[in-house]
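**Student:** Working from the sequences, and respecting the hints, build out all of it.
Residue numbers for the sequence shown follow numbering that gives the first Met the number 0, so the first one is 0 and each next one is one higher.
Don't read these hints as lab results, they were simulated from the structure. Take these hints with a grain of salt, some might be off.
Lysine-lysine pairs mimicking DSSO-like chemistry, simulated, CA-CA at most 30 Å apart [to be verified]: (1) K98 to K17; (2) K103 to K17; (3) K98 to K23; (4) K68 to K98; (5) K17 to K95; (6) K89 to K68.
No experiment lies behind these values; they were computed from the predicted model shown.
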Amino acid sequence: MFGARALLAQRETGVMTKSELIAKLAEQNSHLYQRDVERIVSTIFDEITSALARGDRVELRGFGAFSVKERGSRVGRNPRTGEAVQVESKYIPYFKTGKQLRDKLNN
Numbered sequence: 000m001f002g003a004r005a006l007l008a009q010r011e012t013g014v015m016t017k018s019e020l021i022a023k024l025a026e027q028n029s030h031l032y033q034r035d036v037e038r039i040v041s042t043i044f045d046e047i048t049s050a051l052a053r054g055d056r057v058e059l060r061g062f063g064a065f066s067v068k069e070r071g072s073r074v075g076r077n078p079r080t081g082e083a084v085q086v087e088s089k090y091i092p093y094f095k096t097g098k099q100l101r102d103k104l105n106n
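**Tutor:** Set out below in structure tokens:
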């Protein structure tokens with residue numbers, strides 16, 4: 000089945016995609032349909048994205064906090080020509096891990 004193949008691929012590469020996350024959650028919660036798990040995961044991601052777009056901070060206790068930081072304008076370089084290029088300021092997403100996640104990763 001797709002779920003087993005996806006989990007095997009995740010173990011080999013060390014990367015988990017959204018579809019692999021959905022497959023794993025559906026496998027662990029057999030009382031839920033996979034389409035419902037997919038809707039739940041998509042809704043969570045959409046809400047985090049919407050909050051960041053509004054400039055809000057999203058904190059998931061024990062996991063970490065998502066926020067938005069402004070990266071100021073700067074002079075960059077065109078990689079092909081080496082020519083100086085003005086880069087406008089922009090907002091970037093920022094993630095800071097929570098203490099429980101850091102502790103789990105380092106034990």
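**Student:** If a hint holds in the structure, say so; if it doesn't, say that too.
**Tutor:** Now for the hints, and whether the structure bears them out:
1. K98 to K17: Since the Cα atoms of K98 and K17 sit roughly 24 Å apart, the hinted pair holds (cutoff 30 Å).
2. K103 to K17: With a Cα-Cα distance of about 22 Å, the restraint between K103 and K17 holds, given a limit of 30 Å.
3. K98 to K23: Since the Cα atoms of K98 and K23 sit roughly 25 Å apart, the hinted pair holds (cutoff 30 Å).
4. K68 to K98: The given pair, whose Cα atoms are some 21 Å apart, holds under the 30 Å limit.
5. K17 to K95: holds, 20 Å
6. K89 to K68: holds, 8 Å
Violated hints are absent here; each numbered hint is respected by the structure.
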